[in-house]
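Residue numbers (the numbering used here), protein chains in the order written: chain A, 1 to 316; chain B, 1 to 410; chain C, 1 to 250.
Calculated from the structure, these hints are not laboratory results. Accuracy of the hints is not assured; some may be wrong.
Subject to a maximum C-alpha distance of 35 Å in a straight line, what follows is the list of computed DSBU-like cross-link-like pairs (lysine-lysine) [said to hold, decoys possible]:
1. C:7 <-> C:63
2. C:7 <-> C:196
3. B:112 <-> C:7
4. C:63 <-> C:196
5. B:112 <-> B:322
6. C:228 <-> C:196
7. C:15 <-> B:112
8. B:112 <-> C:63
9. C:15 <-> A:177
10. C:15 <-> C:63
11. B:112 <-> A:177
12. B:322 <-> B:5
13. C:7 <-> C:228
14. C:63 <-> C:228
One side of the interface only, derived from the structure: several residues of chain A facing chain B at Cβ under 7 Å [claimed, not checked]:
15. 97
16. 100
17. 221
18. 224
19. 292
20. 293
21. 294
22. 296
In this text, a Cβ means the ideal position worked out from N, Cα and C, and glycines have one as well.
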Amino acid sequence: MLDVFIFATLNGLVTGLLLFMLASGLTLIFSMMGVLNFAHASFYMLGAYFAYSISLYFGFWTGLIFAPLIVGVLGAFVERYGLRRVHQAGHVAELVFTFGLAFLIEEAVQFFWGPGTKNYQQPELLDFPLFTLFGQEFPAYRGFMIGISITIFIGLYYLLTRSRIGIIIQAAITHPKTVANLGHNVPLIFMGVFGVGTALAGVAGVIAGPVLTTFPGMAVVLGSIVFVIVVIGGLGSLAGAFIASLLIGLLQSYAIASDVGVPDLLNLLGLEFARDHPLTDLWTMTLPQIAPILPFLLLVLVLIFRPTGLLGKREQ
Amino acid sequence: MAFLKKSTIWIAYLLALLVLPQFFNSILAISIYNQMAIAIVFALSYNMLLGQGGMLSFGHAVYFGLGGFLAVHTLIMIEFETVYFSIIFIPLVGGVIGLLAAIFIGSFSTHKAGTVFAMISLGIGELIAASSLIFVSFFGGEAGVSGDRTFGPPLFGVEFLQDVEIYYLAAGWVFIATVFMYLFTQTPAGRMANAVRDNPERAEFIGYSARRVRFISFCAAGFFAGIAGGLFALNYEFITEENLNAATSGRVLLMAYIGGLGYFIGPIVGAVILTLMNSLLSNYSELWMLYLGILFLLTVMFLPRGFAGFIMMHQVAWIRGKLHTLFIPYLLTGIPALILILSCVALLEMSHIEEEVLHYLGLELNPATLLTWVITIVIASASLFAIRLTLPRLRAAWEAANAIPDSEDG
Amino acid sequence: MAILSLKDVRKNFGKTEIIRGVNLDIERGEKHAIIGPNGAGKSTLFHLISGLYGVTHGTIQFKEHLIQNRTPYEISRLGLARSFQVTNIFPRMNVFENVRCALFWPHGYRYSFWHLLGRQTELNERTLQVLEQIGLQDKMHFPAGELAYAQQRALELGIAIASGAEVIMLDEPVAGMSHSEAENAVQLIRGITEGKTLIMVEHDMSIVFDVADRISVLVYGEIIACDKPENIRANPQVQEAYLGEVAVNA
Ligand SMILES: Nc1ncnc2c1ncn2[C@@H]1O[C@H](COP(=O)(O)OP(=O)(O)OP(=O)(O)O)[C@@H](O)[C@H]1O
Ligand SMILES: [Mg+2]
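Please build the complete structure, drawing on both the sequences and the hints.
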């Protein structure tokens, strides 16, 4: 029991941190431009694919450095020539634009890399068990994922709070007009933040690709969950996104690891239902089965009862 | 007079729906018509939300799908004689289910428009799509559920064995649904939906609860989406989880947007164009979805009001009697633009193809030789150059046609 | 009995108290003007009465109802219409529809989806009448968002007065209008509020003294004087706090 719990926690942590790498960029972009970037997870997917292609020739580590850079440049380009253009038409148009972009990127990935799964492998260097607990191995690569996420967050935190550019960015988020009047190039800052946000998504893609498999549907799988996270955490709140990422990561991980379900509950209550009842699916539901819908259930509940999210202040 | 003019349009619409199978009546054509019929109702219902009510939904397929599932289950019930009525009412069953679902979901999701609404719709869409895979006995899992439409009591001897019979039934429903959706826009509730879309705060100061107004549009949209789902069930006699998931929701957004939001006719145009392209192009090219993505993004960026909006842009020139001055400039820019598009498509297809030669527009292109590529690229660049050359003229002509003459200002 | 009565109304934004204990009684049929320097809280007071904001403290009574915690639409239905200082119209709808929407509720259509608007002769005629009054009948097919600023102001006024509500509140109705346009608007306001209650915020003193029966002076969220125009003009406190400033600027 304890081993299951510990491993579920570790895996939940890996997922949670990975989710936060996406959610942090998305949150930054949202606080800056007031738009949820539907295509954010598509940049994550691009990160994985670029890293895969690079790793074929230059190995994993080169991919880890260059794939996010390419993704970031692409993101900045999208902001400059796409989003900025639609910006005047309002948030709905922006949201629709990023929705279309997500659609297009998925098709483009299939065009360039084909519809199948890519054999993107973790580096051999990390192909060993980090430790063994209760006879179960914890792969070093997962430890590496945790490590790199945390490193990036610390770096980002210092960049945002301690550096000059970070302070300008924070000011540009809340008071774009004042910052522009001070002589800073706000559109450039916006473009930069968009680029960095997408590059972060790219990093997530690079390190998640080998574990979560690299295939054209990977953006869709993660995309809506990341959306859920930034909304649950409170739009625009980095701390909220962090909590929500870990929450969702752990929740899903526990739900999958547990094997309890409604039948156990019914047993506990001493109830029994006929197997051929029309609602039989309801009586036989198990927690691992409903794990995929938990985030969305949480989202709907949060939006109904606390539309600003856990730590959000800003409406809309 | 105005009444006559309006009813002429409606009669023309009805006639168009009715005579369509007389022109092309192959099995493929009929199946395309049926898809179109379903798409038109679905896209129009989506427009009630986004175009008229300002609610961006990423989960509109829920009402379509639930309506469809219940419709198929009703077909099954008719088959097993649990209930007894003609299948022509099946779309209504779908509609009622769509309405009920919308009443329930709308009761908590319509208090805000904008991002919050979009997120709730996404969450609910994903929730229901994911649940549908869990509740296998109702949704049939990955395989879906299927029924048979031929068991109901025949209507004047028609047993709906053939798709063309279903087409006439669908056409009837499309006409009725279109009329009612149009009439809705002409009522206080429909007009207030526009007002709330434009400025929810102000609407509250003229006596209306923005939430209530949205709720009404939302329910109406759910009802008509359900009708579309019922039509789907009748046409295909089966339905799967795919029909209520995010992909279907996305497709209806694309249709309505490309056709043109905010114009009543826009979604109809979008539904027709996209269904046609889907059925015709997808046979010729595996890249059809890629083209669709590009088309959609270009529409959002350059034609935010869609095809219908593009046509309506010419209204001023038309009223001023200057539309003809645009003809030559359009032609001069349009031809190179067409060539550019075609050569770009050729490039994409050549890089994608696995066979030796690409059959394209009656040509045989060989991707293996460099020359083919060079020529195609040269043609593309030349047409791009030609566009840049002719564009100023088009722009000038456009401005001249739309300029307000001094005398007319008032 | 007063038609509108505010008792010790207070409003805080965060820690700052913007409205600091306002008591005000407005009689049926009165033309009441609220004046005061920029940032005094005049618009905020309007927002409190019309339900956009809830009060932090105090009561607002409208006719026999306590309305301090009601929503804008409930208050509007009780017969209180208002205009906004910052133009607040329905930009994508045309001018005709803008005005007609304001008439739905007063004409009893509620949320009807069974009345066809084309057939509602009385409603449509009344809309045209209002359009004529505000001088926008030849612009009625234009999207409201495309009108010139002064025309949007006229429309703003039109939406507020269309309903024929018992109490009409206008927040700087003629700001941004040319002199002749303002004169027309004042004529119109006078005509339309004949026998009704008018509460108006206005910076143009000639209009205020021309229209109002009674004037309240709001300074830093407090009413420092509330009296007949001639007494307000003579009040030394007011002159110091407000009118003096205007006189210097003029
Ligand atoms: N939503 C709000 N949050 C915080 N402070 C506000 C808010 N609305 C208004 N204020 C503040 O309240 C004060 C009064 O504002 P208000 O708009 O009521 O003034 P006003 O008398 O109408 O001024 P003006 O003549 O310029 O229209 C101002 O200092 C303003 O900054
Ligand atoms: Mg003010």
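Exercise. So which of the earlier hints does this model not fit?
Worked result: 5, 17, 21
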